[in-house]
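There are 2 protein chains.
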Amino acid sequence: MNFESFFNPKSIAIVGASRQKGKVGYEILSNMIAAGYPGRIFPVNPRTDVIEGIRSYPDLRSIGQVPELVVIIVPAKIVPAVMRQCAKIRVKSVIIITAGFKEVGNNGKELEEQVVRIARQGGIRVIGPNCLGVIVPANKLNASFAGDMPAEGVTGYVSQSGALLAAVLDMANAKGIGFSKLISVGNKADVDELDVIRALAEDPETKVIAGYLESITNGNVFVTQAEAISAQKPILLMKPGGTEAGAKAAASHTGSLAGNDAAYECVFERAGIIRCDSLKSQVDYLQAFANQPLPVGNKIAVISNAGGAGIMAADAIERRGLAFADLSSDTIARLASDLPPAASLHNPVDVLCDAVAGRYEFALSAVLDDPNVDIALVLLTPQAMTEPAATARGVVKIASQKRGKLILASFLGASKMEEATNILREGKIPCYDSPETAVRTVKVMTDYVRWRARPKRIVELFRVNRRKAETTIEKHLRQGHYQIGEVGSKEVLEAYGFTIPRASAATTPEQAANIAQQLGFPVALKVWSTQIVHKTDVGGVKLGLQTPEEVMDAFDLVMYRVSKKLPDATILGVLVQEMVKKGVEVILGMKRDPHFGPLMMFGMGGVMVEVLKDVSFYLAPLTAEEAKQMLMSTKTYQMLKGVRGQRGVDIETIAEGLQRLSQLATEFPQIEEVDINPFVVGPKGTTPIAVDARMSLKPR
Amino acid sequence: MNFESFFNPKSIAIVGASRQKGKVGYEILSNMIAAGYPGRIFPVNPRTDVIEGIRSYPDLRSIGQVPELVVIIVPAKIVPAVMRQCAKIRVKSVIIITAGFKEVGNNGKELEEQVVRIARQGGIRVIGPNCLGVIVPANKLNASFAGDMPAEGVTGYVSQSGALLAAVLDMANAKGIGFSKLISVGNKADVDELDVIRALAEDPETKVIAGYLESITNGNVFVTQAEAISAQKPILLMKPGGTEAGAKAAASHTGSLAGNDAAYECVFERAGIIRCDSLKSQVDYLQAFANQPLPVGNKIAVISNAGGAGIMAADAIERRGLAFADLSSDTIARLASDLPPAASLHNPVDVLCDAVAGRYEFALSAVLDDPNVDIALVLLTPQAMTEPAATARGVVKIASQKRGKLILASFLGASKMEEATNILREGKIPCYDSPETAVRTVKVMTDYVRWRARPKRIVELFRVNRRKAETTIEKHLRQGHYQIGEVGSKEVLEAYGFTIPRASAATTPEQAANIAQQLGFPVALKVWSTQIVHKTDVGGVKLGLQTPEEVMDAFDLVMYRVSKKLPDATILGVLVQEMVKKGVEVILGMKRDPHFGPLMMFGMGGVMVEVLKDVSFYLAPLTAEEAKQMLMSTKTYQMLKGVRGQRGVDIETIAEGLQRLSQLATEFPQIEEVDINPFVVGPKGTTPIAVDARMSLKPR
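Same order as they appear, the protein sequences are chains R and X.
Residue numbering for the first sequence follows our numbering, starting at 1 and increasing by one per position.
Residue numbering for the second sequence follows our numbering, starting at 701 and increasing by one per position.
One chain only, chain R, in its complex shape:
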């Protein structure tokens, strides 16, 4: 959609404009005027002729022309009527500030649906309701009640919470972050976060996209599009509700269903979105993204006038997995030529407690010239000889001479650092309250750079017997069986290229013994019932049976025990299965997220998966690279590779299993969940086996 009339309208009508100070209808009008909006403003209010010296109209029609943008502030129950007026005179863009819609319950929800219907019929695009409005500093547009106009800049911001937007504005202003566009989307009745993010992606004035979201409206489309946008411009989002309590608070606050957090993590990872865990960290990161170049590598040089500060930075650099730059011998010689003998010439460079501005300039300059350095972090503590303001000016000067490398600062202190902090801010050098925060920001930037450089995603499609899988799935659905047991699940998996143990079902002890003899001993016996999920727990499994007699005994024992524990379960018989060679047991799984589709899971199998929760998730469809990444992001991976003389297992085959399962999940939206547990893997060259499995289908 085109945001031109929201971002740069030639004329604006304010329906509900008021003469009364403190009222939203007054605040918005006076914000518009204070911003110096160059277009025409039409206040609409039937009870007055003039507001703030501007002619006011009783209704939209009496304006005599079509305002390009209409801002609505009237009480909720009158909004539909105003919308109908808008439709009648062919207004195309509306911002509804008014609250009292979906967020207050069922009545509000109906009102909101009514508004949307009118909008759709009239071809009107609507931002809001329950929002703060839109601000575009460069166009002197402040169609909001967020207060003062923020500084012009390169950050485009989208917020689902008006209140937080106001706080962001205030904090950003103090940190030298300017904005290209600010959009408060409120209830997202029509225009949603993705519409806005797309508009910001196309906006030449926007270099960085940031926002606060409580929900994502259209999960599937969001992922793909955000991924494409992230490749061009960084997206930094706050998305709370990561924990249960937060999700509960979210549900009671907004009318939107908060998605599962594991899914959000996967979505953000896939789409390269930088997740911020607080307003403060978002502002911290924005300082660097908006004002500095992206780092080319991850090698940091630290310059400090206090050993202690250098140590704290070094700790943080190691903790975050970043690299200390190894200064070249040229740089060290150059530093030695002019720094006092007691200075530490190696990284972190200690310019000593009596370092004046010139010494900092010299050291920073030398360090930035070093090809081994990608990033410079300047630390300063207030000491007797310290010149904070002059040092800040020096840093800004050197930064302007040597462009291209990421430069950050942490000047420790408060009032003594105020002037210096202002100078750094104006010079576009991000300045942090602690070395740790600076380092964390670097980490976020280098992660983003790495994400951008990731190989192209190529999802391999395996040849599978899709028809056969479909037959099994449809059969279950027709019979209303939404749980597919071991036998059916393995049929589906086999159709998708998984190797399953040879097995047959038996309904009598003799038949079981016969099958066992055909398979060859030893065999395993498992109860066969679609209603039993944890077969071991009910005594439904016997392993390592060596003779026909043992098989017959086991048959009766399993039947007896299971029917005693679960008298109501329908038992179809037993499954006689070849014993699988010993190997490492892992679990492959899939769970479909209602918003974002299939989430793939990998973890250590057996009891361990529940105790250690050493699992990883990723969004389907998986590439080979991503499947391997899933393995590598668990601790289990060390064991799969082989430890202490134990041979490793064939990791490629696990990755392939995940990819095949991902293909199955993508091709059959009917499947809600799959567990392959255990998936037994052997050394390189062997075939992994799906020893047990279950699926559940979406009831229809």
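Rather than coming from a laboratory, the hints here were simulated on the basis of the structure.
In this text, a Cβ means the ideal position worked out from N, Cα and C, and glycines have one as well.
Do not rely on the hints blindly, as some may be mistaken.
Stated by the list, open to error - With a Cα cut of at most 25 Å, we get these calculated SDA-like pairs of lysine to any residue:
hint	chain 1	residue 1	chain 2	residue 2
1	R	K21	X	A1084
2	X	K875	X	T917
3	X	K1143	R	R319
4	X	K1102	X	E1119
5	R	K581	X	D961
6	R	K582	X	K1242
7	R	K565	X	G1348
8	X	K1335	R	T634
9	X	K1335	X	G1382
10	R	K613	X	R1020
11	R	K21	X	E1061
12	X	K1143	X	G1348
To be verified - Covered by chain R, per the in silico footprint, the following chain X stretches (three or more residues, Cβ under 8 Å):
hint	region
13	729 to 737
14	851 to 863
15	899 to 910
16	969 to 980
17	1079 to 1088
18	1135 to 1142
As the list claims (entries may be wrong) - Computed footprint of chain R on chain X, listed as stretches where at least three residues anywhere in the stretch have a Cβ under 8 Å from a Cβ of chain R:
hint	region
19	871 to 885
20	1155 to 1169
Place chain X on chain R using the hints.
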């Protein structure tokens, strides 16, 4: 020691006082004067008669009286001469500001030792060298070059880095934290951090102790004393060098050996010390510790005018394991009586975006009256109707009326919140830059409260055969064998009450078979050599041998394989050992830290310990409670308790094993390391068995 002459001297001589602005000798003198120091000041400088209008003396002796405190600022090489003068005229307390001692290498180290010798002979106590000095705001004493006098307050601060002290001062000032005493200890040539912390513990003006340390001088004593002090006053320390890079930077920066970080973690945990990971978080925590009461419980009520901020707080509360207060029905009714209908009356209480100061006051008051609430967190975002300053005044007012509960605030924004933040600061309400920071601070406080309420530590002493253990250990030491192999280690462990598998050594295949027959089959065979640590890796172990023939074959096989792999190892024979019943394998260990003594370790045994690193450490001697805590702080604990129908193991016996090992380590400082791996544990009522073990001794 008595710090009276450091904290409240009647007269001070400044040796090296200077007329030249910018010089340290000038700064200190002018700081002294600016602070309004009421005692006598004697500048000492042979090249002038008057400095800043005060009579100056050519040397200490010519003053004609003994100054209670001498501050030395002359160049390092002259310091010994000044110290000798001090000794001659019987000065008792000296602060050496001068740098250029231990921290610059061997020459400086010698100089420092010389200074210490003179001090010891003359009965002089010395703070420094290489320090910033001492500040006592209440006594108008600023014997430092840290700059302006900080505000008076209840925080006593000790710093090993002068530079960071200056930054702390500046940051604290901006956050309303005042100081009782500030001491920069520098190189700690004489007075160390523990001396200062003890002085602060006894100081009635100090309520909270804080500091920055790069090393702890006297580890053992520190732990015990800090533990006693923490029980009275909270101690908040920054201690960097937690990572390898940090430790390297520390080693090159100070002359002190940085301790191992696992040890520091244990020490801080034992002693109840609150570890701060940055200057910023220290200041964050101090705001609350210095200005607010300790919370009685961990149940938090949140009040917010923005749903989004409430969600962020809720997320943080859950993530930190704190509790959401369940508001009583009385409170909810009371809130309902006066809040608008759209307000959320449940925790987090949403007072809505148009909340003015009065509404906040009302809600805070109601919430604080609720007996289910221990802690109140007030969140505010700047919106159209918001009254930040008036709301801040309201919070301060309510807080003064309802004392005893912990109250914190997070007013989100910057310039719009400035006035409010000042009001909160003056009203002693800690105010944070994000809800997360506030919640993290609460977590730190509740942890401290829980630590204070911990049961009294009673270390159980088991009856052991100390003499027998000593004999084995001494025998190894006499022979210069600092590695005790399996046989010797088990002798020692058996003497300390561990059950070891029955076993005997054999030097021929026939002897091995005989022993096996006496033990009963099956048996295990292990190579017997003090030089082989990982027996399995060299083919030195055979398990589950069933017959005399198998034993004889295994004997030869082990001998052949081991001698082929390790041709230079002395092989004493094999150990024939009963097979231990299956159970869960864990590892018990001890590693002696050079500063803090024995660190006990517990973890999952076998290959897993290396892959998953699921281990916990604790400082010996262990109480039963602490031993159990060690188990509970690993993920393995879930498995020990029993999962998915598997029976759990006897957890008490593992805890007892740890306690016995702790006793062994405490009673034999000769032992450097012990590994009991695996320690096999069975169900309740069974005896755990130390299946394999090794020790190393301290070479002498």
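Tested hints:
no., hint, result
1, R:K21 x X:A1084, "11 Å, holds"
2, X:K875 x X:T917, "31 Å, violated"
3, X:K1143 x R:R319, "22 Å, holds"
4, X:K1102 x X:E1119, "23 Å, holds"
5, R:K581 x X:D961, "44 Å, violated"
6, R:K582 x X:K1242, "20 Å, holds"
7, R:K565 x X:G1348, "23 Å, holds"
8, X:K1335 x R:T634, "15 Å, holds"
9, X:K1335 x X:G1382, "18 Å, holds"
10, R:K613 x X:R1020, "19 Å, holds"
11, R:K21 x X:E1061, "24 Å, holds"
12, X:K1143 x X:G1348, "32 Å, violated"
13, 729 to 737, "violated (count 0)"
14, 851 to 863, "holds (count 4)"
15, 899 to 910, "violated (count 0)"
16, 969 to 980, "holds (count 4)"
17, 1079 to 1088, "holds (count 5)"
18, 1135 to 1142, "holds (count 3)"
19, 871 to 885, "holds (count 4)"
20, 1155 to 1169, "violated (count 0)"
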